[in-house]
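Student: Sequence:
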Amino acid sequence: MAMFLLIHGGGGSGWEWHLVAEQLRARGHEAVAPDLPIEDPASKFADLADAAVSAVGDASDVVVVGHSYGGFTAPIAARRLDARLLVFVAGMVPAPGEAPAQWWGNVGYENPGEGLSVTEQYLADVPPELAEESLRRGRDQASAEYNEPWPEPGLPDLPTRALLCRDDRFFSPALQRRLVRDRLGLEADEIDGSHCVALSRPAELAERLDRYFATL
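Numbering follows our numbering, with no gaps: position 30 of the sequence shown is 30.
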């Protein structure tokens, strides 16, 4: 049994993981998905990581999962928790000293969903009622870390997986494959679904996370 620490993306909340958390618990695991203090203009990486780490308590066998922009916080939390596994889901894989604001240019980001609505770009295959709820629950990303150099000396030395979404209209599969090869030295795993795969395919995503832990 593992404790899954599920870290949301930019402008999001732990609610985005609620269906995956239910699925993981049904498989015998524990799961927490904290709301990071992204609406506080004083919050920096240390504050985001503090919120993530404190949600775990004294649990062991921790798996840290970072979705999208949560990829900047997930490795910090994983190192502090001496995690068993780190997983990026459609994640922004950071580099030492790189501010999130610099990431886009550094990785050669091109927007594959230009001209699409927010729903079409992020939530294309999410059931309409969940998509509406996701938009309602969106939060302002006002925290200060966006222009703060990523403070870690490198990614933590622990088993790491990266999962891309084949139907992602925000981070294209081509970008994710290249990013994962360049920054993790891995071949990305793949799953059907949009950028918000935790809402569109929670059972499939939970099964994949469960399998990653089982095969350590």
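Just to be clear, a hint being listed does not mean it is correct.
Claimed, not checked - Here are the in silico distance ranges between beta carbons for each label pair:
hint: 1; residue 1: E148; residue 2: E187; range: 16 to 22 Å
hint: 2; residue 1: R136; residue 2: D157; range: 21 to 27 Å
hint: 3; residue 1: D140; residue 2: R25; range: 27 to 33 Å
hint: 4; residue 1: E110; residue 2: L186; range: 20 to 26 Å
These aren't lab readings, by the way, just hints derived from the structure by calculation. Just so it is clear, the structure is predicted and the values come from calculations on it, not from any experiment. Beta carbons are placed, not taken as given, at the ideal position from N, Cα and C, and that holds for glycine.
Student: Does each hint fit the structure? Answer for all of them.
Tutor: Hints, one by one, checked against the model:
no. : hint                    : in the structure
1   : E148 - E187: 16 to 22 Å : 31 Å, violated
2   : R136 - D157: 21 to 27 Å : 40 Å, violated
3   : D140 - R25: 27 to 33 Å  : 30 Å, holds
4   : E110 - L186: 20 to 26 Å : 22 Å, holds
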